[in-house]
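Q: Each chain, letter by letter, is given below.
Protein chains: 2
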Amino acid sequence: MSQNYHKLCQRFNRLFQLSHAMTFLGWDQAVMMPAGGNQPRANALAELASLRHELLTASDVGEWLDQAARESLSANEQASLREMHRRWRRSSCLPAELIHAKTLAGAKCEHAWRQQRLDNDWNGFLGNFREVVKLSREEAQLRQAASGGECDTPYDALLDLYCRGDSNQFIGQCFDRLKAELPALVQRIIEHQRSRETIQITGTFDVSQQQVLNNKLAAMLGFDFNTGRLDVSTHPFSTGVRGDQRICTRYRDDEFAQSLLATAHETGHASYESGLPEQWNGLPIGESHNMCIHESQSLLFEKQIFLSKAFNQHFTALMHEKLPQTQIWSSEALWRCYTVVEPGYIRVEADEVTYPMHVILRYEIESALINCEMEAEDIPDAWNDKMQSYLGVDTRGNYKDGCMQDIHWTDGSFGYFPSYTIGALNSVQFFHTIKQQNPDWQDRFARGDIQFVRDWLQQHIWQHGCFMEVQDMIQAATGQKTNPEFFLQHIRNRYLNEQY
Amino acid sequence: MSQNYHKLCQRFNRLFQLSHAMTFLGWDQAVMMPAGGNQPRANALAELASLRHELLTASDVGEWLDQAARESLSANEQASLREMHRRWRRSSCLPAELIHAKTLAGAKCEHAWRQQRLDNDWNGFLGNFREVVKLSREEAQLRQAASGGECDTPYDALLDLYCRGDSNQFIGQCFDRLKAELPALVQRIIEHQRSRETIQITGTFDVSQQQVLNNKLAAMLGFDFNTGRLDVSTHPFSTGVRGDQRICTRYRDDEFAQSLLATAHETGHASYESGLPEQWNGLPIGESHNMCIHESQSLLFEKQIFLSKAFNQHFTALMHEKLPQTQIWSSEALWRCYTVVEPGYIRVEADEVTYPMHVILRYEIESALINCEMEAEDIPDAWNDKMQSYLGVDTRGNYKDGCMQDIHWTDGSFGYFPSYTIGALNSVQFFHTIKQQNPDWQDRFARGDIQFVRDWLQQHIWQHGCFMEVQDMIQAATGQKTNPEFFLQHIRNRYLNEQY
Ligand SMILES: [Zn+2]
Ligand SMILES: [Zn+2]
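So the protein lines, in turn, are chains A and B. The first sequence: position 195 = 195 (my numbering), numbered continuously. The second sequence: position 289 = 789 (my numbering), numbered continuously.
What the hints contain is simulated information worked out from the structure, not anything from laboratory work. Quick caveat: nothing in here was measured; it's all calculated off a predicted structure. Even for Gly, the Cβ is constructed at its ideal location relative to N, Cα and C. Don't take every hint at face value.
[Said to hold, decoys possible] Taking beta-carbon pairs under 10 Å as the criterion, some of the chain B residues facing chain A (in silico):
no., residue
1, N513
2, H520
3, D528
4, V531
5, N538
6, N543
7, L551
8, G782
Can you make the complete structure from the sequences, with help from the hints?
A: Spelled out as structure tokens, the structure:
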């Protein structure tokens, strides 16, 4: 009898249902809630988070985990127990005082940052940020100590939260390859694009018509409106549970591409969650894998499907119908417009080619910071040097468009940034395999058929949840571990050779 | 030190935040959720309900309650402790097996009823319903036994859940007065209304314009869109927390009165919740009082404000602007149309005058049923006799528009019906006092000013939460306990004399 394992399943199901509540309360907060709900909602979410933490770290859970390890379990149950143990360790290894202190320091720093960023006030920010760094270093060291040798450095222990299975060393190797190739590639692409004509999108585009178009796009990409909604929020995001996915995009009336790219992106995230294994519902093993996988799914939908010439050709016909003003632009002209490469200050506005350099810069700084090889006051100089050398951009004195632009560090979310670019590498590698197995992919895209992509992802990624370690899953799906060469080749093909 | 009392406050705050989650998950389910969310949402709500029940009935709570009773507490804290004790007793006095059995039997009966009602299948319904009655009787007897002499009959113990403080005997006395007067009054009113001309509302009324009009109405009645939303649902309802009230109405395109009446009604419910005492936030004493008070607030907004001639005159001007087709009808013509009295089969479609007879009939049947003075199979005959004698309506053989029309009994929610009519009596009694204190009320209503009504309710009802026993609060506010004479006089004034 696997009595203790079953007690764990019951407890994790309870945690799952608390998370369900927090998921939809969070969605409501971002999409529906009137301003007066801020304080009561914050109180409710804080209490539910405490309750969830208590239920996960209660002493009975530790005992059940110990005893379940000696029970006779199937291979699936063993993998399930492994994931339960990881969730428990992550939550149990920090003293309550540190969690509390970091939450307070993070909230204070983030809150002040919203104004300090506008004021370009680095020194003001630094005053709060030093405490966030100090507490994050403590956190990282404690997490490393609790990892049982799994984490080589303190920074590895923070990566473990978002990129679990991809070590600092492995990520560093991938990024070194990109650093060696991308800066020169960017220059060649800019040179190449100078020789072609690129339209400027101008005009006023009816938002309700854009909404119709975005709904159609989501549906074309396989989003099922019986099991989800598409709404509007300040920042696009995706959340929900299997059976009820909520995605959000945002609209501008002076252009239409941003909303479409966001809808494609969030449809990728939602599709992954929808495809997770039903038999492990409510258990950690049934959850989505690390953020490097999650982001690979969204980027695959956004960059590999939506931005492909073939799909864009199909979609442009629909756009010409729903937004008649766009009929003056051919699908080829729009594609060129969507794929302009231009180094800039801001990560979230960066194109597919320069984006990794923004991430690598942040990765190099935050890993040094957490591993005590750099101090918070050294960030602006490091930022300027790297921006200059990676992208030829001068950010001296411009903190607000430089090292103060992102929210991630303000509350101590170190270790997240690499997932954007490892996700990009994974997405290209997955799509490379899909193309090899479907030589007629362009014909299918040109007809609006992307179901074969979903089928492949369902089989090789979605249905596995957290059953495998991440690089084992990638190896099983593509024949090798995450390899940056696929991404570099994709960049050359799309941006120098203007293939797909 | 009131250490145990403070532990109770912490626990009840945790319960309050779990209820916050269930409140907004419930709103989302009714208003936003796609069909695919049904199963995961039902699972989440069931688990949160179990968790809440466990946290409320845990043995530590019983000990804290015992020990807090010996602590030195302020008058407020003593009242607060009294309400905590009631919540705890209500949840602790039933064995888990009975709760579980009743939940299952109720869900089964309600589910089957949805089809059986359409099929007019009384015998099919009776098969499931007998079990619901049996378990509800057990529940009532156990609750009565646990009441420490507070409840005279088993039915009193179910009334305690919805009408706490208003006993079976007290309600029976009120209803006897109504029974003695209303049937003859109804006949006189019908006679009177036969002599006047009444318009028929016909046409097609743009729903988006109706939405604008309903938003305006809610705002005129004091609904604050910074602390709430007005949406659409299958059945109008109101929910939320202070700072974030969610009300819903529903629209038809062949008439406009239904949506407006529902919006006024739900604004009353929401206003009450918004006005609850902030200093007792999260504690039982800070919650709304029984359903006889809650319904009195909604009915006051719907029947006393919105349906008054003076307010209707003001509002019709706005309606003429937003729905230009309605300009052919004067406010007087519309008022007559809104106040037509006509006995019918269906409670939820009944007018203000005949509605109490629908409730009294149900009260007489359900109290006899729970007190074992009647059996389930006797219901149709009792129903027919009473409908014939109270309203002159023949329901023989017509179960679907007779005893099978309501959802309440299907899952064993006995004891709820009286609150509709006691609420109506209270609303008229409150408004009578408001009118006495504001002789210029009609002039104010005619200008759209209803703030003085809100101020009175805030002072005499809303701010008190559950601090006082219900009839003490009514006595303090109006000089006497719930008294049906105010309602009867209101009916004569409005429907025979066509005053206000
Ligand atoms: Zn993403
Ligand atoms: Zn109501």
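Q: Compare the structure with each hint and give your call.
A: Results for each hint:
1. For N513 of chain B, the suggested interface contact is upheld, since its CB lies about 7 Å from the closest CB of chain A, less than 10 Å.
2. Taking 10 Å as the C-beta contact cut-off toward chain A, the hint placing H520 of chain B at the interface holds, the least distance being around 4 Å.
3. With a cut of 10 Å, the hint placing D528 of chain B at the interface with chain A holds, because the nearest CB-to-CB distance is about 6 Å.
4. Proximity of V531 of chain B to chain A holds as hinted, the smallest CB-CB distance being about 9 Å (cut-off 10 Å).
5. Hint status for N538 of chain B: holds, given a least beta-carbon distance of 8 Å to chain A, under 10 Å.
6. Taking 10 Å as the C-beta cut-off, the interface hint given for N543 of chain B holds, the closest approach to chain A being about 7 Å.
7. The restraint placing L551 of chain B at the interface with chain A holds, with a minimum CB-CB distance near 7 Å, inside the 10 Å limit.
8. A least Cβ separation of about 8 Å between G782 of chain B and chain A falls short of the 10 Å threshold, and the interface hint therefore holds.
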